[in-house]
Amino acid sequence: MHRAVTVVRTATAGGSTPLGSTEITVNGASRPCLTGPHTSLLDWLREQGWTGAKEGCAEGECGACAVLVARPDGPGRTRWVAVNSCLPPALALDGQEVVTAEGLGSPPGPSGAAALHPVQRELADRGGSQCGYCTPGFVCAMAAEFYRPERAGASTQTAGTESLRAGDRPDEHGPNGFDLHALSGNLCRCTGYRPIRDAAYALGDPDPTDALALRREQTAPAPAATRVTSGQGEFVRPNDLPELLHLVGEAPDAVLMAGATDAGVERHLGHARPPLVLAIDHLEELRGLDLTSDAVEIGAALTLSEIERSLAGRVPLLDQLFPQFASRLIRNGATLGGNLGTGSPIGDAAPVLLALDATLLLSSAAGERTVALADYFTGYRQSVRAPGELIRAVRIPLPPAPHAAFYKMAKRRFDDISSVAVAIAVRLEAGAVASVRIGLGGVAATPVRALATEETLTGRTWDTTTVARAADVLAGEGTPLDDHRASARYRRAMLEQALLRFHVEHPRSDSPHKAATGGPNVPKNGWDTGEVTR
Amino acid sequence: MSTPLSRRPPQAVVGHTVAHESAELHVTGAALYTDDLVGRTAAVLHAWPVQAPHTHARVTGLRTDPALGIPGVVRVLTAADVPGTNDAGVKQDEPLFPDEVMYHGHAVCWVLGETLEAARLGAEAVEVTYEPLPSVLTLAEAIAQESFQGTARTVARGDAAAGLERSVHRFRGELEIGGQEHFYLETHAALASLDDGGQVFVQSSTQHPSETQEIVAHVLGLRSHEVTVQCLRMGGGFGGKEMQPHGLAAVAALGAVLTGRPVRLRLNRTQDITMTGKRHPFHASWEVGFDADGRLQALRATLTSDGGWSLDLSEAVLARALCHVDNAYFVPDVELHGRIARTHKTSQTAFRGFGGPQGMLVLEDILGRCAPALGLDPTELRRRNLYRPGQSTPYGQPVRHAERLPAVLDEVTQRADLATRHTEIAAFNTAHPHRKRGIACTPVKFGISFNLTAFNQAGALVHVYKDGSVLINHGGTEMGQGLHTKMRQVAATALGVPLGAVRLAPTRTDKVPNTSATAASSGSDLNGGAVKDACEQIRDRLTVVAADLLGVDPGEVDVSDGTVSGGGRSVPWPELVREAYLRRVQLFAAGYYRTEGLHWDATRMQGEPFKYFAYGAAVSEVEVDGFTGAYTFLRTDIVHDVGDSLSPLVDLGQIEGGFVQGVGWLTLEDLRWDTSDGDGRGRLATRAASTYKLPSFSELPAELNVHLLEHATEDGAVYGSKAVGEPPLMLAFSVREALRQAVAAFGPAGHVVELACPSTPEAVFWAVQAARRARGAPTVPDGAGARGDRQPVDGHSPGPYAEAHPSVSSPEPLVTRRTVD
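In order, the protein sequence lines correspond to chains P and W. Following our numbering, the numbering of the first sequence begins with 4 at its first residue and continues without gaps. Following our numbering, the numbering of the second sequence begins with 45 at its first residue and continues without gaps.
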């Protein structure tokens, strides 16, 4: 028995909308979505009878709940994106299109033989399912990669090496261009993954008559202006930034939500039930990516996947970050605004952005100000962001320092949380350190810059002696703790080792990429350098 | 007339590569699991536990009234509501509603609500007062305080003291082995309702429906025939649903009886991890002796398992551990003591391998540590000690087909091209100061059958309908392992019909009674025997009818692929079936099977508890990064003995999946409890998917090759096959030993590598540091750890994290002593 839900469409900048019109298109059919702000998309789908999507962890770690959503992909185009349905509230999908495993194909039954989607066919025939519980999620994550427009081109490349990013291993790309990282957010406890990998790499291109492939050529669903008040609380999707700033000004405790990759976890594990949720993921003012010669400004509500595609390698250090940041399913929802806004000391974006000397553009109804990221964090999950203020964009100066690396230490390479994260960006001139920025995660109450280490390095010859001394200083930065991820002692050792490794990988040279193109230890591909993992 | 168990007819359907029988349902999201039924059931109530925030405490007060004031709360279930026995187990030591909290998160009562949210808020409102009591948490604490439970056991042969005395090389050491969370993707779930006449119907995600039925009955004070349990399928079990579902099903059933409404109990992930049992952590101390050639002479060891708060299956797990310390190796003089610690943790339980992995790891670890000290290549040391035909295990069972051990080892080393790769790896390691590769080969010998003889029986019920279609029921449950797929193939083979003619119905206690758990890898052996028996009864009756129809002798009738033929004539199967019906021939049968030839003295720990042994071997290559201790798995080759496979795709899946799960146990999967004396003492810190990491794609070896041993017919099992569920898990030892080899390459020749278990990147890093120290190479100075002046600041940790488990993650090498003669 659900609590009474009142759906009130108010007159906003977008005009008034009729009562009770919140609805989601699931597998091609529209369904009214009459629920409160704290019902996840997953729970709502299951209540509707779409029980294919499963709850495995309810925190975006296992992918058993993955579904496809239709997202804008440039003017007039749509991209099928896989997300964890356990995280966003169902209301966040108001007016949107969702496809579940049931919508991709049908099993054998009274209506006839099975009509399986190519992804389903490959998984079924190759032993890709055992208990089958994770399978619908794998199907959706795999289908998103199947439909990824860039993938088709990759299938014609002779060797996949050119498409490899830093951090990629050749065995993690199929001959069909399939990027295994697309499945980095899906866990299977039964198969050991080999048959799933084989299924992924066996996929061809979508059939020209494939409905979901054709859907990509049409405009994505427009954002809906949603305002729902229920016994659970209120859910509002403002029409534009001024409206959002007005609402935030009035209710500074409102939860801003883009991909809900953190808020959804808080809802499930921390039982957070905020009275007001403000959905910001469709706001155009927060979704820009402005590239000039001296900086790139990244909208706070762009997903990491979108940033990765839009930047197309212009900030190499970010390209080291992306594959190590959670999973593809999470990156399809997570934003820089969210990662910095929650201010976790173990968020992976902050160390990298500190090394890149990023600044934040903070907006409020009163106007906008610029704060260096290094000055932004003030304490555990606290910052200089004032009530009523939000992160509008992140600005990264260009060109970035030529030598840079991101080292993430964790138990697992795919989709784990850092025990320690170190980002280093160095500019060398005449064999000496002209400038250096080092961002650290997991060693203090906030992400921090390794200021003492930077000072030890700056102006000194980039050699073993300097590096050894600086590495010793780095090991003393921060105040690491013992916890279930690592001991404090290991964390300190990892700080030291990170700089030692960086020097090995970036030996004395004024030109970047030297380490990747010559020398005795030189690997032919990205993963052989050892710089890729963790 | 039944045919010999292992003989496979020429047109057998077993042996064909077929997809999982539910594969098309899985991939389309149409396969139903217990909790998928909730939305298809009217007026369901939802259950939520009140979990105690203490690791050991007496419940001094319980006020449920405040919960009843929460809108939507219907009822709070407490001990006072139990009409039968307040016990979730079979040993009277697991109160379902406890008055003494025995572990952090122990459920003291359950709230039923109209919605899950109402039940949760109701649980928050229940007022419980506790009197905290002293707790025992770690194995070290339990051993020091002599906190044990159950019966200690000893497996012995010969005179270990004398054997050690005569040994040229003697070593001693210790090993601490971590536990493992099952992390089946589907958490525990039960849905209970009342049928006509008060009959209780429970749908449960259970590996052991009969025991779920028995415990629901005894909690409710009913007899077994008043309770029916059905398991549609499980989203993974791995042993975690062998004992643990019973109490949860009983709570749901109690709620249904008291409210008259269906009650759903589904644990969320954190509840599941914090409330249900896991693989037993173990501690082992040992002394071993070798002769001058590296042949094992004697082993004396004490194994202590961490049973958690109640016995559950701990005694059986310990028995299997003790019976597997030998793994594939002959040790003349053996003395193995085993005991079970009682700690204030979840009640540790069955997990794939059931103690076998822990027992086997003890000796594999010994061999890996001792090889350099003996001056032997580890693979050679292992090969030298393999069982030979004619030898027996320490518990007195002849090792039948011992010749398969060198056979699988030879085959896998050839397939893996071990010799060449040793050379390549040496060259790689010379060229790379910061990265080292290692390769290792380890064998597996695993005993098949329940140690307890009585469990080795099974039943089946096979129906042939008038249209020729076949429906089979059996006592086994499907958790992804492909049992139902194999049973369809067995039935199609035994009846001579195409696979498509056979359908399988969900497991129910009112179809086949008194079943054993689907466990001990025995599902196909036992239920396959029963299905085959039932089908052959029907086939024999039909053969008489067919002989008459065809005008031939019954011995000349052949039924295969749905065609009944003899004397040059044939009739289709449906026609034969219809004719048999008209002639009033019984078209259904109950089948039964029991494993012959087993005997076991559980007190003396001697006998022949196993029908046969499953064999296998693996070669794994890994690369270790010296900067971090992180590693990648480059390649694994496996040769495994599944007898004559019933279903090759299913067996391949079991081998690969078991192997990767074993790799997870030995490397990533790291259970951490708060062992401090603070408020959070006893709290499981790794209580979610974000903190407990199981293998992902990144742990799949870049290259994984599996080969099924050929010409491997097993005379003692259905259609010549062998069990496959558990044995492959232990193939993962090859990865741990390869890590040891890679770490050793950072040190001087002959360096003995001590590796904590699980061998997390941190553990490997400290081992690398120790190796570098031994070589005199620069390491992270202990200064990194000695900066004790930098104290942690308060408040920047999101929660009270556990202390690192000191003896698991300790970088300090354990003592490996070589006595000088």
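To be clear, the hints were calculated from the coordinates, so they are not data collected in a lab. Where hints are given, some of them may not hold.
[Said to hold, decoys possible] Computed from the model, here is a short list of chain W residues facing chain P with C-beta under 10 angstroms:
{"no.": "1", "residue": "198"}
{"no.": "2", "residue": "200"}
{"no.": "3", "residue": "477"}
{"no.": "4", "residue": "596"}
{"no.": "5", "residue": "670"}
{"no.": "6", "residue": "736"}
Every value quoted in this text rests on a predicted model; they were computed, and no experiment measured them. Where a beta carbon is used, it is the ideal one built from N, C-alpha and C, also for glycine.
Status of the hints after comparison with the structure:
Interface restraint check: residue 198 of chain W against chain P, minimum CB-CB distance 35 angstroms, threshold 10 angstroms, status violated. With a least beta-carbon distance of about 37 angstroms to chain P, the hint placing residue 200 of chain W at the interface is violated under the 10 angstroms criterion. The beta carbon of residue 477 of chain W comes within 8 angstroms of a beta carbon in chain P, closer than 10 angstroms, and the hint placing it at the interface holds. The beta carbon of residue 596 of chain W comes no nearer than 38 angstroms to any beta carbon in chain P, farther than 10 angstroms, and the hint placing it at the interface is violated.
The interface hint given for residue 670 of chain W holds, since its Cβ lies 8 angstroms from the closest Cβ of chain P, which is under the 10 angstroms cut-off. The interface hint given for residue 736 of chain W holds, since its Cβ lies 9 angstroms from the closest Cβ of chain P, which is under the 10 angstroms cut-off.
In the structure shown, a violation is registered for the earlier hints numbered 1, 2 and 4, in ascending order.
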